[in-house]
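A.B. asks: Protein sequences appear in the order of chains U and P.
In terms of numbering that gives the first Met the number 0, the first sequence opens at residue 0 and continues consecutively.
In terms of numbering that gives the first Met the number 0, the second sequence opens at residue 0 and continues consecutively.
No lab work stands behind these hints: they were computed from the structure.
Hints are not guaranteed to be accurate.
[To be verified] Here are the computed lysine to aspartate or glutamate pairs in the EDC-like style, where the Cα-Cα straight-line distance is at most 16 Å: (1) P/Lys-30 x U/Glu-186; (2) P/Lys-23 x U/Glu-191; (3) U/Lys-285 x U/Asp-224; (4) U/Lys-105 x U/Glu-186; (5) P/Lys-30 x U/Asp-188; (6) P/Lys-32 x U/Glu-223; (7) U/Lys-285 x U/Glu-191; (8) U/Lys-233 x U/Asp-265; (9) U/Lys-247 x P/Asp-36; (10) P/Lys-30 x U/Asp-231; (11) P/Lys-19 x U/Glu-191; (12) P/Lys-30 x U/Asp-230.
Residues per chain are reported as follows:
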Amino acid sequence: MMKELSELLRKRDSVKWNGLAHHIRCLAHVINLAVKAFLSNLKVAKLSEEHEWLSRDDPEESDVDEESDGSDEEDIYGDDPNHQEESDEYTNDVSSFDIEDTHDFKTVLLKIQTISKAATVTQKRILSFQSFCQAANLKPLRPIRDHAIRWSATFNMLKRALYLRRAIDMWTQSQPIFEKLQMSSHEWDMVEFLVQFLYPFMVANTKVQATAKPSLSDTWVIYEDLFDMLDDAKAALNGLRVLPEWLKEAQTAIEKMWTKLRKYYDKTDKPFAYVDATLLHPGLKKFMKKAGYSVDTIETYVKKAEMRFQNKYDATQRVPRRPTL
Amino acid sequence: MRQQEEDQEEEDGGLSEWLKEWVKREQVSEKVKRIADVA
Numbered sequence: 000m001m002k003e004l005s006e007l008l009r010k011r012d013s014v015k016w017n018g019l020a021h022h023i024r025c026l027a028h029v030i031n032l033a034v035k036a037f038l039s040n041l042k043v044a045k046l047s048e049e050h051e052w053l054s055r056d057d058p059e060e061s062d063v064d065e066e067s068d069g070s071d072e073e074d075i076y077g078d079d080p081n082h083q084e085e086s087d088e089y090t091n092d093v094s095s096f097d098i099e100d101t102h103d104f105k106t107v108l109l110k111i112q113t114i115s116k117a118a119t120v121t122q123k124r125i126l127s128f129q130s131f132c133q134a135a136n137l138k139p140l141r142p143i144r145d146h147a148i149r150w151s152a153t154f155n156m157l158k159r160a161l162y163l164r165r166a167i168d169m170w171t172q173s174q175p176i177f178e179k180l181q182m183s184s185h186e187w188d189m190v191e192f193l194v195q196f197l198y199p200f201m202v203a204n205t206k207v208q209a210t211a212k213p214s215l216s217d218t219w220v221i222y223e224d225l226f227d228m229l230d231d232a233k234a235a236l237n238g239l240r241v242l243p244e245w246l247k248e249a250q251t252a253i254e255k256m257w258t259k260l261r262k263y264y265d266k267t268d269k270p271f272a273y274v275d276a277t278l279l280h281p282g283l284k285k286f287m288k289k290a291g292y293s294v295d296t297i298e299t300y301v302k303k304a305e306m307r308f309q310n311k312y313d314a315t316q317r318v319p320r321r322p323t324l
Numbered sequence: 000m001r002q003q004e005e006d007q008e009e010e011d012g013g014l015s016e017w018l019k020e021w022v023k024r025e026q027v028s029e030k031v032k033r034i035a036d037v038a
């Protein structure tokens, strides 16, 4: 398609357009890759089969739509007629509650995933969980189940669990079979860390997926905000004299995430669309100033952007080609 | 657009505002220091 478009522009409008050089990557996918890099380094997110399969063939690994429409986020089983059968098996099988405590994010995530499934697996358990919500003076919400396709599902599961913390604590203490699912305050701290750390990525993700107005001009601002946040987290971790093992794990994961984000940020220097969208946006000169550019430099860039448009794309400004005999 | 926001709020269980306020309580760097101190 890129080749076809390039050919069409050349033939119809005499515009030379190099599709590869002007490839604008989907920022939501870049965020997805960065967060997946973080979560998989904490060994808490298994990449989806689709993602792994695509990564084998594509060294760029990324710009592939692995977003779903989100409709299955609340309950991955939907109207599956086998769900009840599976529910019965799951309810009677308490071996999945026997989680090995490895004092790391993996254990914490596994506990929350298991709680979120176990508390919503039958109508009886749903009603029972709701009664604990009421006792804890919380909205009667169900825990959200995780799935491997979107990182936002993991975030939503953690966020909901955090809100339902008191109900979850009461529920896991209500029956001996849930004993292994009980969360310590240290484990809740780890959940809090994940939600707090991933929140800016969720905000950025929501912003770039909005369709009401073009958001290309926001790209560098979003990158800048995310790098600032990552740098703060890195500085806080580096400033600690003694780092517990689980925070060392987080430190490595943050480095991997930073590298991944940087890889895609570096690719934004080629397509002119990024710089043009930033420069031509009335409010973004302020951002450029904040980033250390002088007013003169900004004005020079704006002029260059205008000339680039006139020379390359504006048909009214171009000298018509002399007809060939 | 309004419908999209309402759908998202529905999916979210109406917790967007709660989360926004919750994250304001502490910076990531403060949380890291506090959690590490406790550990």
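A.B. asks: Now look at each hint and say whether the structure bears it out.
C.D. replies: Now for the hints, and whether the structure bears them out:
no.	hint	verdict
1	P/Lys-30 x U/Glu-186	holds (14 Å)
2	P/Lys-23 x U/Glu-191	holds (13 Å)
3	U/Lys-285 x U/Asp-224	holds (15 Å)
4	U/Lys-105 x U/Glu-186	holds (11 Å)
5	P/Lys-30 x U/Asp-188	holds (9 Å)
6	P/Lys-32 x U/Glu-223	violated (24 Å)
7	U/Lys-285 x U/Glu-191	violated (34 Å)
8	U/Lys-233 x U/Asp-265	violated (20 Å)
9	U/Lys-247 x P/Asp-36	holds (14 Å)
10	P/Lys-30 x U/Asp-231	holds (11 Å)
11	P/Lys-19 x U/Glu-191	holds (13 Å)
12	P/Lys-30 x U/Asp-230	holds (15 Å)
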